[in-house]
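Student: Chain residues, written in single-letter form:
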Amino acid sequence: MKTARYLSLFFLLYFLCIQLNAQNKIVVFQTDFGLKDGAVSAMKGVAMSVSPDLKLFDLTHEIPAYNIWEAAYRLQQTIPYWPAGTVFVSVVDPGVGSARKSVVLKTKSGHFIVTPDNGTLTLIAQSEGIEAIREIDETKNRRPGSAESYTFHGRDVYAYTGARLAAGVIPFENVGPALPGKIITLDYQQPVFENNIIRGNVPVLDIQYGNIWTNIDKKTFAKLALNNGDSLHVSIYHNKQKIYDGIMPYVTTFSTVAAGKPLCYLNSLLNVSFALNKANFSEQHKVYSGADWSVEIRKYK
Amino acid sequence: MKTARYLSLFFLLYFLCIQLNAQNKIVVFQTDFGLKDGAVSAMKGVAMSVSPDLKLFDLTHEIPAYNIWEAAYRLQQTIPYWPAGTVFVSVVDPGVGSARKSVVLKTKSGHFIVTPDNGTLTLIAQSEGIEAIREIDETKNRRPGSAESYTFHGRDVYAYTGARLAAGVIPFENVGPALPGKIITLDYQQPVFENNIIRGNVPVLDIQYGNIWTNIDKKTFAKLALNNGDSLHVSIYHNKQKIYDGIMPYVTTFSTVAAGKPLCYLNSLLNVSFALNKANFSEQHKVYSGADWSVEIRKYK
Amino acid sequence: MKTARYLSLFFLLYFLCIQLNAQNKIVVFQTDFGLKDGAVSAMKGVAMSVSPDLKLFDLTHEIPAYNIWEAAYRLQQTIPYWPAGTVFVSVVDPGVGSARKSVVLKTKSGHFIVTPDNGTLTLIAQSEGIEAIREIDETKNRRPGSAESYTFHGRDVYAYTGARLAAGVIPFENVGPALPGKIITLDYQQPVFENNIIRGNVPVLDIQYGNIWTNIDKKTFAKLALNNGDSLHVSIYHNKQKIYDGIMPYVTTFSTVAAGKPLCYLNSLLNVSFALNKANFSEQHKVYSGADWSVEIRKYK
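Residue numbers (the numbering used here), protein chains in the order written: chain C, 1 to 301; chain A, 1 to 301; chain R, 1 to 301.
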C-alpha cells in the first residue's frame, strides 16, 4: 500500500520530468535579411526573451531581396520534414508598412506559419491545406516598448508572436481574429500534359549546383511512359523566348552520363529536374527560375 | 499531515525540475571568421565541452576582416534584444598576439561581452553603460592543453571563458582582476544640430538592401520639425568630398514613393536612414559606411 | 528511518532529472549544399522529428561543390574540439546513387562520422584512429516513406541515421554490418624533411583572411632549428610550376611585420602557415589549396 503510494508519486514526478523535457517548442526562421548584420540575431534574442526553452533554427536567410515567390517555394520544400507543431516565421516583406495583413496560417498538417500575407503562403496552402488563418492582433501581439518602431515587423511582431505561440504563452486562438480561409496567392503555370507534351515552370534552381528544378510531379511525368535511359527533348523558355533546346536521357544516377553532359532526373521532391553531371546547367545555359520561366518536355524517338 | 509532507516533497522536486530546465545559459558568437571553414564550429565545440546545457547562437560571422568598428556597431544593434545574463563572445582581433587586453565587460543592462579590448566595446559601453570590466586571467581561463597555440584566442580563451561564465562554472569575479572602468574607444562623429543643419555619420549599411543608416537619432532629427511627407536636402560626404546630393521626402512607408526613388525614414533602431524604394542606394550612389563617412541634412523648402 | 527513505527517493529523482538533462545528444552537420535553399533545414527537420531533445549544430555548408578533400580537412580540423559522443553528419557526395557505401565511422576518440565512404574519412581516420566502421543498412535506417526518393541521401539516410544514433534510438551496432577497418582514402603529399629542405602540401586556405595553411607540423618544422625572427626561403608550386618565391621571417605575432609584408607562423593547429599582415596572401600571389599544391621551405642565411 505504502509502496504503491511511493510508486505512484515516483511515476507522477517521472512523467512530469519527461514532459518538461519533451515539449517541442521549435521555431524556424526564414528571411531575406542575409546574415551580415544583426537583424536575424535580434529576432532570435526576442524569441529567447519570450522563453529560453525554445529551440531556434533557420530555414534560410538568403532569399533574394523582396522575392516572395522564392520564400513561398522554400516553405513548401521544407515544412513537410519538420514535426507537426513547429512554428515557421517567414519575413520577406516588400510591402512593410502598407496594407498587407500579418497572419498566422495553421496547415492541415499541424504546422504554423507566421508571415505577411503577401503571397508567401501560395504554395504551402496548396500542398498542405489550410486548417485555419488568423490575423495578428498587434495591439496584443507586439513586443512591449516597440510601438514607435514601424519598420521592423520581423522582430517586433513576427518573431515575438511566433515565439509566444511556440512556447505556449498564447494558444493559436489568441493570435487575433479568424480570417475566412483565403490568402493572397501568386500566379504561376501549373504542370499540364497535352498532345504528348508536358508543360510546366521552373519555380527554383538547386542553386548550389545549378540544377533546374521544375514543378512537374512524378505522376504527370509518368504520362510520357518513359523507361530509365529513354531520351527526352527538352525546351526551356523565358517568357515566350526559347533559351535552351536539347536532348538528354532520363536517368536515376548522375554518373550514368559523362561529366558535363545533360540529364533529366527526379529530384528529392520527386519533381522533374535537369542537370549537367558535375557541372552547372544554369550558368552554362543562362537558365534561371521564377514565374516567367517555363519548360516543354516530349519523348525523343 | 502526511499529505502535507508529500505535497512539500512534490513541490520541492517540481521546482527542482523547473529550475534545471529554466536556466538561461545563452552564448552568442560574433567574429570575422566567415562560415567557410571550421573555426566557428571549433569554438562551439569548446563551449559544448564546457557544458552541453549551453544554448549557442550567432550574431554574425561576416564582419569584414579586421573591421573593429563594424563589430562594435553590430553589438550595439543587437544586444538590447537578448535577455539579461546573455554572454556575447566577439572576436574581431587584428592585434592578436600583441599587447591588447582580453576582457569581459558587464553592462548595466546585465549583458556580458567577452572580447579583445581593441575598440569593440566603444558603442555598447556608451549605450548600455559599464557595470564592471575584468581582464581575463589566462593562467586560469584558458582551454586545458592549449598553451602551445598562440594564434587562436577566439577558441582557446574567448569561447572557453564565455562558455564557463554562461554555464556558471565560474562567477564573473573569477574571470580575472577588475580593471578601472575605462575601455579602448574608436573616434567617430557624434550627431549635431547647428544652424538648421544636422550632421552625423554613416556607421553601417543595411547591407542586404543597400540602405544608408546614420547615427542621427529620432530626438536630434525632431529639431528639424518635419511632418510626414516633407522634403529634405541630403548631402553625403566621404572624408570632405561630396559623394551624393539630393532631395527626398521623409516618409514612414517605403511604398509611398515610386520604385527606384529615394526616401528618408527612421529605421528599426529609430535612426535616420536613406533608401531607394525596391533598389540599392549604396550600390547606385557609391555610398558606404565607416568613421570617414558623414551626412548633412536640412529642410528643403 | 522514514527520513532516510525520503532522502533516497529524493536523490533517486534528483539524479533522474539530472540524467535527463545531462545527455549529450549533439549532431554536427557538414555539406556542400550552401544555405540558400531548404536542404540543410530539411535535414534538421528530419533530425528533430527523430528526437526534439537533440542539439543541432553546423560545421560548414560552404564546402565547394563535390570537394571531398576539403570535407575531409574540415572534419579533421574541427572534430577534436567537440566532446566524445558527438555525431557528425558529412554529406559531400558527388557519387550519390553510385556504388559508394554509406558508413558510420567510430573514431578511437569516441566521435562518430556518418558519411558516404568516398575519401571524406581520409584525414580523420589518420589523426584520430579507427575504432570501428559499419555500413548503413538502408533497409532499417532510412526515413520512413522515403524509399521512392533516390537523390537526397543526406536527408533520408545520413541525417536520419545520425539523429537516431545521437538520440540513442539505435546503438552503434544497429547501424548495419561491421566492415573491415579500411576506408577509401585520397592521395596527398606527406610532409618530409630532406637535405635541409622541408616539403609539404597546402591542404586548405584560411579562406577568410587568405592565409596559406600547410600540412607541415611543428615537429617536422623544428628540424630547421629556427629561432623566432629567423628568415625563411619559401617556394610554392602548383603541380611542378613555381607560383611564389620569397623570403619571410618566422614570427609568433602578425604585428611584428609591417602591414602587407609576408610572414611565417604556426597556425591554431600548430601547422606551418604563411600570411601577409592585414592583407590576403592567396589573392595577391594566386596561391590556392588542394592535393596539387606543394611548398618547399629552407632556412635563409
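Hints listed in this document are in silico derivations from the structure and should not be mistaken for laboratory results. Any given hint could turn out to be false.
Distance condition first, Cα-Cα at most 25 Å in a straight line; then the derived DMTMM-like pairs of lysine to aspartate or glutamate [to be verified]:
1. A:K25 to C:E62
2. A:K36 to R:D137
3. R:K55 to C:E283
4. C:K286 to C:E296
5. C:K261 to C:E296
6. C:K219 to C:E194
7. R:K278 to A:E62
8. A:K36 to C:E283
9. C:K218 to R:D187
10. R:K55 to C:D217
11. R:K101 to R:D137
To list a few chain A residues with every Cβ distance to chain C over 12 Å, as calculated [unchecked claim]:
12. Y188
13. V287
14. E296
Where a beta carbon is used, it is the ideal one built from N, C-alpha and C, also for glycine.
Student: Confirm or reject each hint.
Tutor: How the hints compare with the structure:
With a C-alpha separation of about 29 Å, the suggested pair A:K25 and C:E62 falls outside the 25 Å cut-off, and the hint is violated. Among the hinted pairs, A:K36 with R:D137 is inconsistent with the structure: their alpha-carbon atoms are about 32 Å apart, more than 25 Å. For the given pair, R:K55 sits about 37 Å from C:E283 by alpha-carbon distance, which is inconsistent with the 25 Å threshold. At most 25 Å may separate the alpha-carbon atoms for a hinted pair to count; C:K286 and C:E296 meet this at roughly 17 Å.
As the CA atoms of C:K261 and C:E296 are separated by approximately 19 Å, the hinted pair is consistent with the 25 Å bound. Note on C:K219 and C:E194: the hinted pairing holds, with a Cα-Cα distance of about 14 Å set against a maximum of 25 Å. Our distance criterion of 25 Å between C-alpha atoms is met by R:K278 and A:E62, whose separation comes to about 17 Å. Restraint check for A:K36 and C:E283: satisfied, since their Cα atoms lie roughly 22 Å apart, inside the 25 Å limit.
Note on C:K218 and R:D187: the hinted pairing is violated, with a Cα-Cα distance of about 41 Å set against a maximum of 25 Å. Taken as a hint, the R:K55 and C:D217 pair is broken in the structure, with Cα atoms around 34 Å apart against an allowance of 25 Å. Distance restraint check for R:K101 and R:D137: the Cα-Cα separation of roughly 10 Å lies within the 25 Å cut-off, and the hinted pair is therefore satisfied. For A:Y188, the shortest C-beta to C-beta distance to chain C comes to about 18 Å, beyond the 12 Å cut-off, and the non-interface label holds.
For A:V287, the requirement that its beta carbon stay farther than 12 Å from each beta carbon of chain C is met, with the minimum near 16 Å. In this structure A:E296 is separated from chain C by more than 12 Å, as the shortest Cβ-Cβ distance comes to about 23 Å.
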